Amino acid sequence: MTGMLLALALAGAVGAVLRLLADHYLQPRGILVANAIGSFVAGLATTGVSGPAQAIWVVGLAGALTTFSTVSVSTARDALSGRFAAAVGSWSAHLALAMLAVGLGLATGGTFR
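With my numbering applied, the sequence shown covers 1 to 113.
No lab work stands behind these hints: they were computed from the structure. Some clues are possibly wrong.
DEER-style ranges, computed between Cβ atoms [said to hold, decoys possible]:
hint : residue 1 : residue 2 : range
1    : Leu100    : Thr70     : 17 to 25 angstroms
2    : Thr108    : Met1      : 38 to 46 angstroms
3    : Thr111    : Gly51     : 13 to 21 angstroms
4    : Leu5      : Ser92     : 30 to 38 angstroms
5    : Gln27     : Leu80     : 16 to 24 angstroms
6    : Pro52     : Leu80     : 39 to 47 angstroms
The structure displayed is predicted, hence computed values, not measured ones. Built from N, CA and C at the ideal position, the CB exists for glycine as well.
Produce the entire structure from the sequences given, and follow the hints as far as they go.
Written out as C-alpha cells, the structure is:
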C-alpha cells in the first residue's frame, strides 16, 4: 500500500508540474490544453488499465493535471469584467474539449483490451 501511495503522490506531482508549465508557456490556452490532455489520459486509463495503475493514472496524473477551479476563476474574472462572450466561450470550449478528449481516450483505451 505504501508503494501505491508513493506512486500516486509522484503522479500527482508530475501532473501538477505539467499543468503549471502548460499554463505558463501556452498562454492564453495552457489550462485548456492541460484539461484536454488530462481528460484524454483519464479516459484512456479508465478502459486501458485496471487496479492500482488506474488510480495512479486517473487520480494522480490526470487529477492533478486537470483543474476545475482554475477554469472557474478564469471564467468568473471574464464575467465580472463584462466579457460575457469570452466567459461563455471559454467555459464551453473547456467542457466540449474535455468531453471529446475523454471519449477519444475511452475509445483508444478500449482497443488495448
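Each hint tested on the structure:
no., hint, result
1, Leu100 - Thr70: 17 to 25 angstroms, "holds (19 angstroms)"
2, Thr108 - Met1: 38 to 46 angstroms, "violated (30 angstroms)"
3, Thr111 - Gly51: 13 to 21 angstroms, "holds (19 angstroms)"
4, Leu5 - Ser92: 30 to 38 angstroms, "holds (37 angstroms)"
5, Gln27 - Leu80: 16 to 24 angstroms, "holds (20 angstroms)"
6, Pro52 - Leu80: 39 to 47 angstroms, "holds (42 angstroms)"
This entry does not satisfy hint 2, going by the numbered hints stated previously; all others are met.
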